[in-house]
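With the sequences and hints as input, model every part of the structure.
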Amino acid sequence: EEKISFLRKLDVLSVPATYNEPKGIFLLEAMACGVPVVQPRRGAFTEIVEKTGGGLLVKPDSPESLAKGILEIYQEPALGEKLGVSGFENVRRHFSVARMADRAVEVYKDLTGRGFARMNADQDEQRAQKTVAI
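Everything in the sequence shown is counted per our numbering, starting at 1 for the first residue and increasing by one.
Not one of these hints is a red herring.
Calculated lysine to aspartate or glutamate pairs in the EDC-like style (CA-CA distance at most 20 Å, straight line): (1) K59 with E21; (2) K9 with E29; (3) K51 with E29; (4) K51 with E89; (5) K68 with E50; (6) K82 with E47; (7) K9 with E81; (8) K23 with D61; (9) K51 with E21; (10) K82 with E72; (11) K9 with E76; (12) K23 with E50; (13) K82 with E50; (14) K82 with E29.
Cβ pair distances, simulated, as ranges: (15) S5 with L79: 22 to 30 Å; (16) D61 with F26: 16 to 24 Å; (17) S5 with H94: 21 to 29 Å; (18) A104 with P63: 35 to 43 Å; (19) Q75 with V107: 37 to 45 Å; (20) E106 with K68: 36 to 44 Å.
Simulated from the structure, these hints should not be mistaken for lab results. Just so you know, these numbers come straight off a predicted model, no measurement behind them. Backbone N, C-alpha and C fix where the C-beta goes; we use that ideal spot for every residue, glycine too.
The structure is reproduced here in structure tokens:
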């Protein structure tokens with residue numbers, strides 16, 4: 001609850017990384033609280049921000065670009081509000097626990113279905129080869 005209280009007090013969140021961050025959970029947490037984010041275009045940041053519309057992506061390894069993005073939200077409160085609302089709504093739509101569980105099940109079904117189909121096709125081919133050989 002302290003984290004949520006802290007996040008809700010922010011006007012913008014930026015935690016730039018100099019490497020390809022694989023998860024970006026902190027972005028989802030901030031956007032779930034309606035906080036717009038400014039992040040370098042790299043790693044998981046790109047997918048998360050593009051999918052949610054909850055922030056701005058800036059040039060990686062560029063303090064100037066990062067500062068410009070943060071300043072843009074600071075100087076245009078309506079933009080910050082719009083990004084915050086979009087992030088809030090789309091984190092729930094695309095990254096909720098229920099949605100992520102549904103997507104995991106879809107992946108398992110897809111992999112399992114393809115795995116069995118491929119295995120059955122291989123067995124059919126082996127049977128056909130044995131029939132021809134006899």
